[in-house]
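Number of protein chains: 2
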Amino acid sequence: MSDVQDRSQASSRRSPEGVGTPVGAVDFAAWRAAQQAVIEQALSAWVRSDAPAGLGEAMRYAVLDGGKRLRPLLALAACEAVGGQAAVALRVGCALELIHAYSLVHDDMPCMDNDVLRRGKPTVHVRFGEAQALLVGDALQALAFELLLPGDGSVPDAMAVSLCRQLALAAGADGMAGGQAVDLASVGVALDQPALEAMHRLKTGALLQASVMMGASTGPLTAEAREQLAVYGAALGLAFQVVDDVLDVTADSATLGKTAGKDAAADKPTFVALMGLDAAQAYADRVLDQAHAALRRSGLPHTDTLHALADWVGQRAS
Amino acid sequence: MSDVQDRSQASSRRSPEGVGTPVGAVDFAAWRAAQQAVIEQALSAWVRSDAPAGLGEAMRYAVLDGGKRLRPLLALAACEAVGGQAAVALRVGCALELIHAYSLVHDDMPCMDNDVLRRGKPTVHVRFGEAQALLVGDALQALAFELLLPGDGSVPDAMAVSLCRQLALAAGADGMAGGQAVDLASVGVALDQPALEAMHRLKTGALLQASVMMGASTGPLTAEAREQLAVYGAALGLAFQVVDDVLDVTADSATLGKTAGKDAAADKPTFVALMGLDAAQAYADRVLDQAHAALRRSGLPHTDTLHALADWVGQRAS
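Chains A and B, in that order, are what the protein sequence lines are. Its first residue numbered -16, the first sequence is counted upward by one per residue in my numbering. Its first residue numbered -16, the second sequence is counted upward by one per residue in my numbering.
Hints in this document: simulated from the structure, not taken from any laboratory. In this text, a Cβ means the ideal position worked out from N, Cα and C, and glycines have one as well. The reader is advised that the hints may include incorrect statements.
[Stated by the list, open to error] Capping the alpha-carbon separation at 25 Å, the derived lysine to any residue pairs in SDA-like fashion look like this:
(1) B:245 x A:251
(2) A:245 x B:104
(3) B:104 x A:94
(4) A:251 x A:285
(5) B:104 x A:168
(6) B:245 x A:168
(7) A:245 x B:112
(8) A:251 x B:112
(9) B:51 x B:205
(10) A:251 x B:40
(11) A:251 x B:37
(12) A:104 x B:280
(13) B:104 x A:35
(14) A:104 x B:35
(15) B:104 x A:167
(16) A:251 x B:110
[Stated by the list, open to error] Chain A residues, not near chain B, derived (Cβ > 12 Å throughout):
(17) 20
(18) 69
(19) 99
(20) 113
(21) 168
(22) 176
(23) 258
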């Protein structure tokens, strides 16, 4: 049986206990919309407007009213897969989204990608000035950790320690920030596929994988399930980036909500440049098959939503 | 008895148990030099050069071989005052120093203070470029949290949670980053003294106070001692800033290791502009008297080094 056939079975299968979310396309769309609303509400509550001198308003501008919220959705779905604490997973997801949002604010600045459009709006530095954009990113990173440490006992200490450590590692020099440094150094350099994948494993992969692993850290997890979820998260992260490169070529700026074609214009290495458009799309599909296969090997009963999220990453249009 | 007479008694008094550090001027200088060497060694071990694409080297450039290490010294002295865990306090101090170092890297960037000299060396963006400087700051913030979460059981979970929460609050929008936003918004604005102090309470005060409180969090602490240490930390933070403003006028760039006179040139509000040079120096001394008085009220037996650090802040030449 091929992975693809097997995947369609898995996606339509109810969990043995009957309590998992059944994920046909319609059900997943409904789940996603409902969770996105919950995430938006939580972010709005936690990114307060009262930080001084307009900083709070600028932080809210950077975070709210946009984005697919893929990282929070992954955290919530991974929590569901292990029967974890949903309230903690919501904090986890929002913390990850704040790290993601801060990285976009800093990435868009003139000294980095110098981009003026993000999620269909002027970027933060265009709207609020470069200095404020710098502070917005800095403050969002601190707030991400604060979210995991509410100080009210609602996140058990051992869990909070594990979550904060995973977040620090995924965001820092051995994760996202390190990947961005490699990205900077790669402009105009002919990376081969292993080097390109190594770069993305850090730049976007670390945070996406952490979304899965941190979400799963809100509940019990066998060593085997942990290992397979890590494979799922890594594959999903890679596929996400390959699809991103495809969309950079095939979609327009209005659909993307950000400037299309900018990677090619900036002479950045991409999977499309390396292997061509059709082969890149096919590669994304193959990598996603690996994600589905890892979920099946995990032995976890409630993985339907994680399967559906992998499908969504492969099919997204923006 | 005046605070000043009382202070000199406290500074020369051995602790009842005889295990505290006796702090005459010579003893304190020796303690400081020894601890600075320990801090430098720890930072060098924890800020590794192997982060990708030169990021690690740039992070080390930003952190090592310079600085008074006031925040780590405060953390170590506060740990000593409560009989806390010195190994944890060293992590605390280095985490605070990484936050401080990241803030300097970002502050020096062209969109903020646009400074080219720091600790007698070219600033990070001059040496490594703006994009790398941005990433250096971002990665140092994540590393600060990582230091408090070594993952080897050496920091008890409850303590790590408390420390990380304090760090996030001191660094974020309600602390340092918020204070910087106020600072940005204050250029050319005639702040009165309460507004100026409120700005500095966030911008530099939050992290200095956190240095004391986090250092003290490595050991047992009564509510009264906690309250008085908070007063000490706040007073020390304010005095530090007043002295900074005095030095900006009276010292030259070579002594400061950074550009002198830049606050006046940037039309930033300062204590010297507000009250004059002599009155500012006298105000710093009065505030430091409050710091000493709070230590005496704390009931803690081993506060000699904290007393000496307050004296040092008042007398520093750079």
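Taking the hints in turn, this is what the structure says about them:
no. : hint          : in the structure
1   : B:245 x A:251 : violated (39 Å)
2   : A:245 x B:104 : violated (36 Å)
3   : B:104 x A:94  : holds (22 Å)
4   : A:251 x A:285 : violated (39 Å)
5   : B:104 x A:168 : holds (24 Å)
6   : B:245 x A:168 : violated (33 Å)
7   : A:245 x B:112 : holds (21 Å)
8   : A:251 x B:112 : holds (19 Å)
9   : B:51 x B:205  : violated (30 Å)
10  : A:251 x B:40  : holds (24 Å)
11  : A:251 x B:37  : holds (19 Å)
12  : A:104 x B:280 : violated (55 Å)
13  : B:104 x A:35  : violated (32 Å)
14  : A:104 x B:35  : violated (32 Å)
15  : B:104 x A:167 : holds (24 Å)
16  : A:251 x B:110 : holds (24 Å)
17  : 20            : holds (25 Å)
18  : 69            : holds (21 Å)
19  : 99            : holds (16 Å)
20  : 113           : violated (4 Å)
21  : 168           : violated (4 Å)
22  : 176           : holds (18 Å)
23  : 258           : holds (23 Å)
Consistency with the previously given hints fails for numbers 1, 2, 4, 6, 9, 12, 13, 14, 20 and 21, ordered from lowest to highest.
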